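Student: Sequence:
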Amino acid sequence: MAVLVGGLVLVPIARSIITSTTERHGQDSVFVGLDNYLALVGDDQFHTGVVNSFVFTAYAEVFKVVLGLAAALLLHHRRRGRALLAGLLLVPWVVPTVVTAFSWRALLDPIFGSVNTLLTATGIGPLLASAHLVDSWPAGWLSDPSLAMPSVILVNVWKGVPFFTVCFLAGLKAIPADLYEAATIDGASAWQRFANVTLPGLRHVITVTVTLSSIWTFNNFDLIWLLTQGGPGDVTAPYVLIAYSKAILQLQYGAGAAVTLVMLPIIGGLVFVLVRLLRQDSNIKLPRRRRAARWIGTHRWTGPARRALPWVITALVTGLLLWASPEIFWKAAVVLGVILLVAAVVGRVVSTLQSRGGRRSSAAVSGVGSWVALAGLLFFVLGPLYWIAVTAFKSEGQVVMRTDDLWPTPWTLEQFSALFANQPFGRWYLNTLLVSAASTAVALVCAALAGYALARLRFRGAQSFTVTVLLTYVMPGALLFIPLYQMLIGARLTDSLWSLVVTYPTFTLPFATWLLVGYFSSIPIELEEAALVDGCSRVQAFGRVVLPLAKPGLLAVALFTLTNAWNEFLFAFVFITKDEYKTLPVGMQSMIAGDVVPQGQLAAASLLVSIPVVIMYALGQRFLTEGLTAGAVKG
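According to the UniProt record's numbering, the stretch in the sequence shown is residues 1 to 635, in order.
Derived by calculation from the structure, the hints in this document are not laboratory data. Be careful, since some hints might not be right.
Stated by the list, open to error - Ranges between beta-carbon positions, derived for each pair:
#1 47 <-> 14: 45 to 51 angstroms
#2 80 <-> 418: 39 to 45 angstroms
#3 538 <-> 343: 53 to 59 angstroms
All figures in this text were calculated on a predicted structure; none of them were measured in a lab. Don't be surprised by glycine CBs; every beta carbon is placed ideally from N, CA and C.
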């Protein structure tokens with residue numbers, strides 16, 4: 001594990017630092033010191049990329065928190081059908097990013113898209129134009145410079161809300177019910193219970209979830225590239241796309257590496273916050289001096305200073321957003337204000353009815369409001385997926401003429417047959433299966449050994465290595481793809497499946513190890529000690545006792561690594577150019593030739609790509625309900 005992490009993560013980062021001090025002149029690389037960094041000071045394209053990444057991340061996180069918290073609260077209070085609704089809301093997070101991008105790209109098409117048609121039919125579209133939320137109607141969502149960034153943010157929110165919902169739902173279940181009962185007895189209203197019980201109880205979950213999601217969103221490449229390729233102009237181009245353009249398209253590796261490394265302090269700050277929060281919950285014993293230092297760090301910010309810190313950060317981010325994107329700022333404020341106003345009005349009506357003794361009427365209003373909100377949320381979540389499913393079974397005439405948009409008439413397999421006849425889709429599918437299976441096998445073997453060692457064995461540097469594993473997991477691929485590309489060129493592994501098998505452990509192995517450390521730590525050590533007393537060696541106890549009890553953890557590792565490798569786009573897009581070696585996400589992207597978009601074939605491909613992932617998660621969730629404790633009792 002140490003060799004793989006060092007060779008695939010730490011060495012490439014060190015090499016990237018060296019590369020950033022060079023400039024390519026023909027076939028040679030010349031040392032230029034800090035010139036690449038100094039050139040970024042006057043690089044308008046780089047400035048635009050940094051601002052775009054900040055704007056994209058900040059707005060997306062705000063709406064993901066609001067919608068995710070609302071969805072979690074709605075599901076938390078449901079007694080029936082909660083598991084089914086949670087499973088449906090999780091689907092957007094499960095489906096591959098390439099499917100997300102192509103479905104929304106088709107829906108937001110100004111001519112053939114269903115969004116404009118639906119908003120026009122309901123009268124909402126002209127209302128948006130009259131309120132100046134859009135410049136004209138029908139709107140060119142991804143082609144209009146004023147709407148492209150909000151549209152990309154909308155798609156990212158659609159993709160990320162399920163993750164926030166699941167995390168917040170788990171946090172709500174952990175809040176003791178007697179706190180709510182005590183607050184109710186003391187006369188607290190629903191808003192007071194939310195502000196003084198729910199939010200404090202979720203503070204840690206919200207912080208960890210937002211920090212982790214911010215790292216992913218700030219370094220997003222595939223979703224933006226597949227939706228707009230950074231256009232129109234550079235209005236949606238993040239800093240990662242600027243680095244890709246300089247390093248891969250212009251072959252200026254030093255300039256591209258400098259772009260990614262300049263952002264390292266921001267990413268490092270987010271990672272530091274995440275590691276600090278996660279270590280507060282860890283059970284790893286620290287030396288006395290380090291425990292004291294952590295106590296001082298935890299208790300230094302107390303009282304008014306600690307309470308004021310979130311407000312200071314909020315005011316700072318708000319001011320930066322107002323400066324960076326004034327047009328998006330007021331539009332986002334209007335949308336967010338409408339959502340909060342509706343929630344506040346419903347809550348006020350329910351509280352008023354309760355105070356007047358109308359329990360039945362307040363329960364009826366609350367129930368109707370909850371069902372309406374859930375219906376709207378499910379429509380937002382499942383609408384694009386339904387469009388994919390029905391489009392895949394339409395004839396080419398139906399797709400082009402836009403007849404029977406909501407229901408194929410008749411149902412046909414024309415798009416599937418055209419997909420396999422016109423594209424090497426079967427080859428892409430096989431490539432993805434091979435790469436995903438190989439990556440999963442490597443992750444399972446190495447992570448099981450490393451996770452067990454970190455959970456059970458005591459050796460010098462174990463705590464530091466655990467933190468290093470977490471750091472390498474959250475380190476974005478944007479920092480690695482340039483040096484890894486150079487290393488693969490030197491090893492002559494580009495344009496081969498081996499390039500993906502070798503590099504995918506950079507993001508599968510750290511997460512797998514981190515997850516299994518927790519699973520192995522949860523297994524009672526007495527079971528291993530009993531096996532050792534009975535004459536088993538350490539390896540035999542690991543194979544006969546620990547691994548059978550860790551089946552849920554191993555399944556979770558296999559599930560996550562398999563789906564991550566199945567969905568990965570950036571490495572496959574950079575390292576593979578030949579059709580015969582492309583994986584499904586890159587192959588589907590190559591099906592679009594200029595303005596020619598085979599919507600029917602892409603819908604069929606999206607369906608075939610998504611079905612295995614959804615099935616794996618459905619089967620995996622059922623198996624994961626078997627807890628570790630039950631396994632230990634059986635053993």
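Student: All hints, please: hold or fail.
Tutor: So, going through the hints one by one against the coordinates:
Separation of residue 47 from residue 14 is about 27 angstroms and departs from the stated range, judged on CB atoms against 45 to 51 angstroms. Between residue 80 and residue 418, the C-beta spacing of about 43 angstroms keeps the proposed range 39 to 45 angstroms intact. Residue 538 and residue 343 have their C-beta atoms about 56 angstroms apart, which keeps the hinted 53 to 59 angstroms range intact.
The structure does not agree with numbered hint 1 stated previously, though it agrees with all others.
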